[in-house]
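2 protein chains.
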Amino acid sequence: MKPVNVGIVGLGTVGSGTFNVLYRNAEDIARRAGREILVTHVGARRDHPNADTSGVRVSRDIFAVVDDPEVDILVELIGGTSTARELVLKAIANGKHVVTANKALIAEHGNEIFAAAQKEGVNVAFEAAVAGGIPIIKAIREGLAANRIDWVAGIINGTGNYILTEMGDKGRAFDEVLKEAQALGYAEADPTFDVEGIDAAHKLTIIASIAFGIPLQFSKIYTEGISHITRADVAYAEELGYKIKHLGMTRQTATGVELRVHPTLIPERRLIANVNGVMNAVMVQSDAVGPTLYYGPGAGSEPTASAVVADVVDVARALTTDPNNRVPHLAFRADSLSDTPILPIADVVTGFYLRMEVKDQPGVLAKIAAALSDADINIEAIIQKDQLDANSPVPLIMIVRQVLESKMNDALDKIRALDVLAEDIVRIRLETLGP
Amino acid sequence: MKPVNVGIVGLGTVGSGTFNVLYRNAEDIARRAGREILVTHVGARRDHPNADTSGVRVSRDIFAVVDDPEVDILVELIGGTSTARELVLKAIANGKHVVTANKALIAEHGNEIFAAAQKEGVNVAFEAAVAGGIPIIKAIREGLAANRIDWVAGIINGTGNYILTEMGDKGRAFDEVLKEAQALGYAEADPTFDVEGIDAAHKLTIIASIAFGIPLQFSKIYTEGISHITRADVAYAEELGYKIKHLGMTRQTATGVELRVHPTLIPERRLIANVNGVMNAVMVQSDAVGPTLYYGPGAGSEPTASAVVADVVDVARALTTDPNNRVPHLAFRADSLSDTPILPIADVVTGFYLRMEVKDQPGVLAKIAAALSDADINIEAIIQKDQLDANSPVPLIMIVRQVLESKMNDALDKIRALDVLAEDIVRIRLETLGP
Numbered sequence: 001m002k003p004v005n006v007g008i009v010g011l012g013t014v015g016s017g018t019f020n021v022l023y024r025n026a027e028d029i030a031r032r033a034g035r036e037i038l039v040t041h042v043g044a045r046r047d048h049p050n051a052d053t054s055g056v057r058v059s060r061d062i063f064a065v066v067d068d069p070e071v072d073i074l075v076e077l078i079g080g081t082s083t084a085r086e087l088v089l090k091a092i093a094n095g096k097h098v099v100t101a102n103k104a105l106i107a108e109h110g111n112e113i114f115a116a117a118q119k120e121g122v123n124v125a126f127e128a129a130v131a132g133g134i135p136i137i138k139a140i141r142e143g144l145a146a147n148r149i150d151w152v153a154g155i156i157n158g159t160g161n162y163i164l165t166e167m168g169d170k171g172r173a174f175d176e177v178l179k180e181a182q183a184l185g186y187a188e189a190d191p192t193f194d195v196e197g198i199d200a201a202h203k204l205t206i207i208a209s210i211a212f213g214i215p216l217q218f219s220k221i222y223t224e225g226i227s228h229i230t231r232a233d234v235a236y237a238e239e240l241g242y243k244i245k246h247l248g249m250t251r252q253t254a255t256g257v258e259l260r261v262h263p264t265l266i267p268e269r270r271l272i273a274n275v276n277g278v279m280n281a282v283m284v285q286s287d288a289v290g291p292t293l294y295y296g297p298g299a300g301s302e303p304t305a306s307a308v309v310a311d312v313v314d315v316a317r318a319l320t321t322d323p324n325n326r327v328p329h330l331a332f333r334a335d336s337l338s339d340t341p342i343l344p345i346a347d348v349v350t351g352f353y354l355r356m357e358v359k360d361q362p363g364v365l366a367k368i369a370a371a372l373s374d375a376d377i378n379i380e381a382i383i384q385k386d387q388l389d390a391n392s393p394v395p396l397i398m399i400v401r402q403v404l405e406s407k408m409n410d411a412l413d414k415i416r417a418l419d420v421l422a423e424d425i426v427r428i429r430l431e432t433l434g435p
Numbered sequence: 436m437k438p439v440n441v442g443i444v445g446l447g448t449v450g451s452g453t454f455n456v457l458y459r460n461a462e463d464i465a466r467r468a469g470r471e472i473l474v475t476h477v478g479a480r481r482d483h484p485n486a487d488t489s490g491v492r493v494s495r496d497i498f499a500v501v502d503d504p505e506v507d508i509l510v511e512l513i514g515g516t517s518t519a520r521e522l523v524l525k526a527i528a529n530g531k532h533v534v535t536a537n538k539a540l541i542a543e544h545g546n547e548i549f550a551a552a553q554k555e556g557v558n559v560a561f562e563a564a565v566a567g568g569i570p571i572i573k574a575i576r577e578g579l580a581a582n583r584i585d586w587v588a589g590i591i592n593g594t595g596n597y598i599l600t601e602m603g604d605k606g607r608a609f610d611e612v613l614k615e616a617q618a619l620g621y622a623e624a625d626p627t628f629d630v631e632g633i634d635a636a637h638k639l640t641i642i643a644s645i646a647f648g649i650p651l652q653f654s655k656i657y658t659e660g661i662s663h664i665t666r667a668d669v670a671y672a673e674e675l676g677y678k679i680k681h682l683g684m685t686r687q688t689a690t691g692v693e694l695r696v697h698p699t700l701i702p703e704r705r706l707i708a709n710v711n712g713v714m715n716a717v718m719v720q721s722d723a724v725g726p727t728l729y730y731g732p733g734a735g736s737e738p739t740a741s742a743v744v745a746d747v748v749d750v751a752r753a754l755t756t757d758p759n760n761r762v763p764h765l766a767f768r769a770d771s772l773s774d775t776p777i778l779p780i781a782d783v784v785t786g787f788y789l790r791m792e793v794k795d796q797p798g799v800l801a802k803i804a805a806a807l808s809d810a811d812i813n814i815e816a817i818i819q820k821d822q823l824d825a826n827s828p829v830p831l832i833m834i835v836r837q838v839l840e841s842k843m844n845d846a847l848d849k850i851r852a853l854d855v856l857a858e859d860i861v862r863i864r865l866e867t868l869g870p
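Protein chains in written order, with my numbering: chain A, 1 to 435; chain B, 436 to 870.
This is chain A alone, in the form it adopts within the complex (with noise of 0.2 Å):
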């Protein structure tokens, strides 16, 4: 068969491990394809020391690229959501295939780009702006067809699951391990994106849609960092049986589907609690399979080329292939996509992890248990530790399982009424991840 051409935009981190890539094992790949893959062109503003390009046409105005009638596929690898979405519109207008690792622009513009494409006729792939080389929106949309999932839980920043895997490990400090991941090029210069959850926001988004065949609405999710997460919880958690991971969590219920990325507390005889250190792994709960997990790195040069160029492949593959039979970009048809309401955290149940540093007082617990149980939530456990000394606040951890959000918060606020708090609650989500 005739070779399949591809153009390359960016050749940044992923653009050269993807260039690299191709190159390396063309002939492997060929041999799965059923056809050369061949760069064709390569588009990079900047020089690009990571790849070497000699023998192929470069152009610094990418442009050149989505407007070069020879590309079939164009790879958009230059990150951002304005001149990429500029750039794959174009593409897709051009009657070019696109494969995008760029997380960012399908939350935020995928229901724009993908209504582009289907009109076009043209793919548009993007396997690998979801935990990296982690074949998820494959094992989803295609392994797991049969199922009505019910949620999936995923540990898909990496840098956040190293920091939290060295406070856990070795009782450091937040601020410390950022600082060191910083140092080791782990994390960025500003961590905002990471540690706070926006980047595990915008793939939990493309989870989401893909999971339950609802539009992309990354402007819904609720987000919250691991910035506040002190050693002493990470401590207590464990010390219950748990581990702190931050975790993305969609979840389909009778109301709505709940999207939300917070730190969460998890059984640590599950599989996915002893995902550690920059690795990345999603669990999917679905009603046929039961539950299903898939685990690998979700960063880094090659292993995000890896998810690029198996979307090359594929895309290859469905170059003839008429567009209804090809995998739907949201799993589900356009057309029949579902209105289901995003909740609002307030309307979301989960369990909880509270650690309140109370006044030595008598009746002090007695006071909080009935503030509690006025509102219907049990204890599950609770630790009640030994004061460091006499004027010390005495730490009192709880462990309550399938609250509402909006009764917790109200309960809360019974007992920050009571005057029995030295320090304000803290409170950490947590999820059992069971069937």
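It should be emphasised that the hints constitute simulated quantities derived from the structure, not laboratory data. Being a predicted model, the structure only gives us computed values, none of them experimental. Treat the hints loosely; a few may be bogus.
What the hints assert, rightly or not - Covered stretches of chain A, as calculated for chain B (at least 3 residues, CB under 8 Å):
no.	segment
1	24–30
2	323–331
To be verified - Derived list of chain B stretches under chain A, where covered just means 3 residues or more per stretch with a C-beta under 8 Å from a C-beta of chain A:
no.	segment
3	463–477
4	635–647
Backbone N, C-alpha and C fix where the C-beta goes; we use that ideal spot for every residue, glycine too.
Fit chain B to the supplied structure of chain A, relying on the hints for placement.
Below, chain B without anything else, positioned relative to chain A:
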């Protein structure tokens, strides 16, 4: 689009699960597939209390389904290799696509079946044949298409993993757990297929072919069961930081492909070491993405049905695709399969756990250490336990790394000749599963 007509042959555990999932989730499956998937004909030689087939054509003569011109896709779920082979070849000759969950059929007759399918331009899909509901065939054939795969290691028999997990967690003996597993229905009355590794060998044969692009070569796999594993070895392994798992391992080396199923020590810090009970997991190490892992239920009615139905959807999507653009049966184009030889076990390099019950005599350790040292075998870790009483032998446990099997055998023969052993040596292979 026109509905796709499916004929299901065999309504046992997996057949009834497939029938029921296709009915229960028909609407969501159609939203994904872009067309209805209808079961129009069922072949069942016996009554089938777990599937309500009212309104569906049912034939006691299963070959009537194969000869039904209305059937587009034949789903073979009768098991066994004799009638199943005949049925599948007949379906192919009749121009039908085939989906099967039959690992023995594919491992033993896959080369013949795929050649016939290739000739007729039809598709034979077999996701459910390996690791039940885990979409591992799809992950390797498509999700990792960019990679040169180094090795694949799998816990791919739930019964064996349940037995080893119980031995490890509760210190129970093999025979006791096996009897319980049989009573609970996890293990067959004749447990040979599971505990002697034949079931895992069928699955690993398939994995090796799609990972490395080699023909199916079930007759060349090395298989060793777990019935000789003792509580003592499980406990010593844990003391040294390892879990014993019944691992399927296939690796591409400079001289050939390793293909082997045997009890294996793996470091407890690896995620796959924490895969417990009846669950399955497959870990893949490859050049671009690095390590990835896929976890889920490896057997059962609806988990296996999940994989069967995903295949039906895939085959339905590719009905009108030029066969050259479909994913090749063994991941690589049939005309580009490699003749890389399967290595005999004597030529395999692994680590080893050795347990010697030695006579309580001066200089025994020195003699054994010298025998290993003479063969250039380094001891990485050693435990010597107190004698239980003055007359009992002394347990000596050693870990060695990266030794050629034949060299290990020679060294052990020399140790046997020393006349220091009270019992024969126990040796279990060891894999670090690192990059």
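Here's how the hints hold up against the structure:
{"no.": "1", "hint": "24–30", "result": "holds (count 4)"}
{"no.": "2", "hint": "323–331", "result": "holds (count 6)"}
{"no.": "3", "hint": "463–477", "result": "holds (count 6)"}
{"no.": "4", "hint": "635–647", "result": "violated (count 0)"}
Hint 4 from the earlier list is the only one contradicted by this structure; the remaining hints agree with it.
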